[in-house]
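S.K.: First residue of the sequence shown? That's 1 in my numbering, and the numbers climb one at a time after it.
Keep in mind that the hints are not guaranteed to be accurate.
Derived pair list, reagent style DSS-like, types lysine-lysine, alpha-carbon separation capped at 27 angstroms [what the hints assert, rightly or not]:
(1) Lys42 <-> Lys133
(2) Lys42 <-> Lys155
(3) Lys61 <-> Lys93
(4) Lys133 <-> Lys155
(5) Lys61 <-> Lys133
Simulated restraints on C-beta separations [what the hints assert, rightly or not]:
(6) Cys158 <-> Thr10: 19 to 29 angstroms
(7) Asn72 <-> Met14: 48 to 58 angstroms
(8) Arg150 <-> Gly115: 16 to 26 angstroms
No lab work stands behind these hints: they were computed from the structure. Note that the Cβ used here is the ideal one computed from N, Cα and C, for glycine as well.
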Amino acid sequence: MRLSRSHGFTLIEMLVTLAVFAVLLMIAVPSMRPFLQSQSVKNASMDISSAVALARSEAIKRNATVDVTANNAADWSQGWVVSQTTPIATIRKQAALGNIVITATPSGGSFTFDGNGRMTTTGATFTIAPLDKTAPQPLCLTVTVGATGRVESTKVTCT
Numbered sequence: 001m002r003l004s005r006s007h008g009f010t011l012i013e014m015l016v017t018l019a020v021f022a023v024l025l026m027i028a029v030p031s032m033r034p035f036l037q038s039q040s041v042k043n044a045s046m047d048i049s050s051a052v053a054l055a056r057s058e059a060i061k062r063n064a065t066v067d068v069t070a071n072n073a074a075d076w077s078q079g080w081v082v083s084q085t086t087p088i089a090t091i092r093k094q095a096a097l098g099n100i101v102i103t104a105t106p107s108g109g110s111f112t113f114d115g116n117g118r119m120t121t122t123g124a125t126f127t128i129a130p131l132d133k134t135a136p137q138p139l140c141l142t143v144t145v146g147a148t149g150r151v152e153s154t155k156v157t158c159t
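Generate the whole structure from the sequences, applying the supplied hints.
M.R.: Here it is in structure tokens:
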């Protein structure tokens, strides 16, 4: 009599493995929320920084006025557009960002770089916060844009 070896899993072994996986997943998912929130805030900070750098470099390259205009002046997380003023040309559009709120100070819905790469105003500050601040220590950032186009990002306490 020949004994053949089994080359797979039994149904019981597979169900036990899936049950253990499900329990581990239920433990891991709630602890991922703060991580995902902080990543959203960091990504928004980098998106704003890259838009500022692009607008400044395009203003210098084109020797023209380049605007960064919010789709919604009260909440920059609804997206923005980097565009040349004269002749009118869209350089980049930023889509809306989910689960965060971005407010600007001063509360204008745009800022402008002129042909020499300087802002036409004194600068801008963006406060980026998650929509849901129930995490133990939610990450909030401010992105400060100086009149020369220098960008600085700092952690702040969420309010």
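S.K.: With reference to the structure, classify each hint as holding or not holding.
M.R.: Hint check:
no.	hint	in the structure
1	Lys42 <-> Lys133	holds, 15 angstroms
2	Lys42 <-> Lys155	holds, 10 angstroms
3	Lys61 <-> Lys93	holds, 19 angstroms
4	Lys133 <-> Lys155	holds, 15 angstroms
5	Lys61 <-> Lys133	violated, 41 angstroms
6	Cys158 <-> Thr10: 19 to 29 angstroms	violated, 51 angstroms
7	Asn72 <-> Met14: 48 to 58 angstroms	holds, 51 angstroms
8	Arg150 <-> Gly115: 16 to 26 angstroms	holds, 18 angstroms
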